[in-house]
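*Asks:* Chain residues, written in single-letter form:
Number of protein chains: 2
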Amino acid sequence: MGLPPADSVDNIVPADLNIPDNYVQHTLKTQKSRGPVTLNNLFSELNYLNCVILLVTPLLGLIGAFYTPLQLKTALFAIFYYYLTGLGITAGYHRLWAHRSYNASLPLQYFLCFLGAGAVEGSIKWWSRGHRAHHRYTDTDLDPYNAHKGFFYSHMGWMLIKPRRRPGVADVSDLSKNPVIKFQHRWYLPLILIMGFGVPTVIPWLLWGDAKGGYVYAGVLRLCFVHHSTFCVNSLAHWLGESPFDDKHTPRDHVITALATIGEGYHNFHHQFPMDYRNAIKWYQYDPTKWFIWSMQKLGLASHLKTFPDNEVRKGQLTMELKKLRQTQEKLAWPSDSNDLPVVSWESYQEQAKKRPLVLISGFIHDVATFINEHPGGAHLIVKFIGKDATTAFFGGVYDHSNAAHNLLAMKRVGVLHGGMPHGLDEKGIPPSQRLKIARY
Amino acid sequence: MGLPPADSVDNIVPADLNIPDNYVQHTLKTQKSRGPVTLNNLFSELNYLNCVILLVTPLLGLIGAFYTPLQLKTALFAIFYYYLTGLGITAGYHRLWAHRSYNASLPLQYFLCFLGAGAVEGSIKWWSRGHRAHHRYTDTDLDPYNAHKGFFYSHMGWMLIKPRRRPGVADVSDLSKNPVIKFQHRWYLPLILIMGFGVPTVIPWLLWGDAKGGYVYAGVLRLCFVHHSTFCVNSLAHWLGESPFDDKHTPRDHVITALATIGEGYHNFHHQFPMDYRNAIKWYQYDPTKWFIWSMQKLGLASHLKTFPDNEVRKGQLTMELKKLRQTQEKLAWPSDSNDLPVVSWESYQEQAKKRPLVLISGFIHDVATFINEHPGGAHLIVKFIGKDATTAFFGGVYDHSNAAHNLLAMKRVGVLHGGMPHGLDEKGIPPSQRLKIARY
Ligand code: HEM
Ligand code: HEM
Ligand SMILES: [Fe+2]
Ligand SMILES: [Fe+2]
Ligand SMILES: [Fe+2]
Ligand SMILES: [Fe+2]
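Residue numbers (this note's numbering), protein chains in the order written: chain B, 1 to 441; chain R, 1 to 441.
Each hint should be verified, as a subset may be incorrect.
One copy or any two copies: either way a pair holds, since identical chains are not told apart in the list.
Calculated cross-link-like contacts (lysine to aspartate or glutamate; reagent style EDC-like; alpha-carbon spacing at most 20 Å) [to be verified]: (1) 177 / 374; (2) 428 / 45; (3) 162 / 45; (4) 29 / 400; (5) 306 / 374; (6) 437 / 400.
Bear in mind the hints are in silico, worked out from the structure with no lab data behind them.
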């Protein structure tokens, strides 16, 4: 919210051009941090400007609302203006400038630059500088809104106090050259006053005579909503939901976050593929920011909408699904391998089968004592084969057993017949559940 | 619907005790079938008794409904009686007698035997005989309602004509000994008249004086609904839905089928685990038949509710999911293996890097021409490393690239540096998407 830190003003050469190979580790180890905030140092560590903006605005709004009746037209306009200024952040600050995920024509850039100012979240350059560091150093101390420091910290706590250390290096030289961004930087204060409070007061005043309602609802309270809506991208989106593309870091996908943030809730995807202009890849997922950008393209105001190669997106999903299934695979009980079973001669098999119900199927000897009376085909069909070879009958001669039956059978192995698989059915000695397996490279 | 075929009356010895090892193939090859039904032989091939029952009943019901106002009480009673007689089939005929998936006390057995008669679908023994053949020979010509013969055939067509061949052998000697089943067999005709039409007429007559409504709605029309509801288990359940447990045969799982069949719609599960008293394994899935059996157990009227070992159920699911993911895995493009790439000397790498943008990372040489300007970290960070080794920078020294970045990088391989992986980072030469793989045994 404050003014941009010194290091990112007017740097035309990339800030990270000569970054050393061990930058991350080295910086985390050697750079001094401001240390923890405690009750003792709280008052000297607060960022008072941000505290006022973030804490007084909602108070002001609530008091105003208490004394100002809400008109339907003003309410609808406030919602509309919430979406507009929200898009200034999501489609403008975030996807266009911080991530360069598409190109915008000059008129669209000015439009987004004005709307973004109306969200009062700092200049484009300051915001993008922090956001690029957030992506580069996600979940580390070089990430200005490090989610590991807790929900409240990543939501707004980080702005209420002085930054604990400089955000990690991130290049914004591309933004320093941009005339629209320079313009916004130069006129930032008037812009937030006009777009944050002027416009939302004047429009309801001129059109239906509700200046006070416009100021309170479309100005002040709308601003609180835009704030917390976009803050949710740093808090909620790093806590709630699934990780369908990668689980190395905290970002998550959830429709609730998407609804709260004009479509920025598919944040696991976004952190994996930050240069993609989409956050949601399925058409039925809620991503109005994507729809807006796409519409701008149709109107000829945006171009070069970037998407990550679908092949690689699917690979990420595949890896995550395999990871889950591998856990299942490891939790299940599997049959004994032929190497772990005693090798039994035909005579010994005959001998032992007189004492307990043993059945030979494709080279394995099975103890079916617990199953005979449960057998859906009837006990008699198994009893008949005690001490015999039931391979052909079991493999479809009498009944083509289901894969489940094959899997169950394999769990009852107690030995291997000496001489191996007499039927040359080797492939069949492998139960269906083991023909496909997740293996580590 | 007709009387049981001669071969299954009073056979106390299992019909399949001396079944030869090649029964299925042999029978399909040598046994004569009645041949196809054509317009020429239609009239001699019809099963007139069943045609009357199945085609005249709905007609009668519609005409009756036209002349009989429907009272609310009668309507509710008809629905109630639909569920009762339906349960006679699903909890009685199907899960108790055909599949022995639990034990029922004598009172419960008589209760189910009476209700089942009210569904007018043939005697327990005839029905179970056919159903066991359906499970043993699913989707073959020995399956009396072979789904491969089309939706209508498996729904009811098979009953309208004379059976094309005898259903495959299935043992019902356990049923032949059962006094309840013997009783039903002996009194079958009076039982269907009493339970199918008598009871649903008399109850509304005595309680609220609507004999005609009871006959038409709770008797005739309710019967049509029970018929088609249970027939759906042979038709819809073999057509609609997913195969989460095995896809060897036609049975499918779908909630719509479940709703239409009092819970018999998780038919893919059921064909894999026919001795399981459940069809739905999740608590939130619709399986009132399971709930009924479970309640009977709580009342002490049922016992020995069988379930298939969970370990094996999960194996089936795992196999099916792996099968699907393997298709994904095979459809995706994967990076070239080091064996398929040219081995390049350091000098040659330097030479070629002057002509096109080549970057060395963990022993592989990559052509990044198409990517430099797309790079979210900025072109300068890549340009800086052309003709150099970017391994440390890429692997977190400067930025800890996402798995997606690693996967994308591997797709750009054009050569291997002579001398192999100079960093001993061998594990890292494998992109994250290839660390877990579905392999065939
Ligand atoms: C010895 C180990 C055996 C095991 C673990 C076993 C397992 C099973 C299982 C789980 C079923 C349920 C249906 C299915 O999943 O396919 C089944 C059904 C059946 N089994 Fe077995 N079986 C064994 C041996 C045999 C043998 C030796 C025969 C024949 C000679 C046989 C004949 C049948 C028949 C005919 C059915 C069909 C029952 C029906 O659905 O009506 N089984 N068996
Ligand atoms: C040569 C092949 C390279 C490829 C294919 C590649 C790919 C990518 C991709 C896909 C991203 C997006 C974020 C992510 O997925 O993690 C990214 C970001 C980044 N890359 Fe690379 N990269 C390459 C080389 C390099 C090198 C050599 C460096 C450093 C010297 C580097 C530094 C960065 C930085 C700092 C970012 C963060 C951008 C941000 O989020 O603000 N990249 N890279
Ligand atoms: Fe984030
Ligand atoms: Fe982002
Ligand atoms: Fe079936
Ligand atoms: Fe069944």
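*Asks:* Decide, hint by hint, whether the structure agrees.
*Replies:* These are the hints, each one checked on the structure:
| no. | hint | verdict |
| --- | --- | --- |
| 1 | 177 / 374 | between (78 Å within a copy, 18 Å between copies) |
| 2 | 428 / 45 | neither (71 Å within a copy, 43 Å between copies) |
| 3 | 162 / 45 | within (6 Å within a copy, 91 Å between copies) |
| 4 | 29 / 400 | between (65 Å within a copy, 16 Å between copies) |
| 5 | 306 / 374 | between (60 Å within a copy, 9 Å between copies) |
| 6 | 437 / 400 | neither (24 Å within a copy, 30 Å between copies) |
Checked against the numbered hints above, the structure breaks hints 2, 6 and satisfies the rest.
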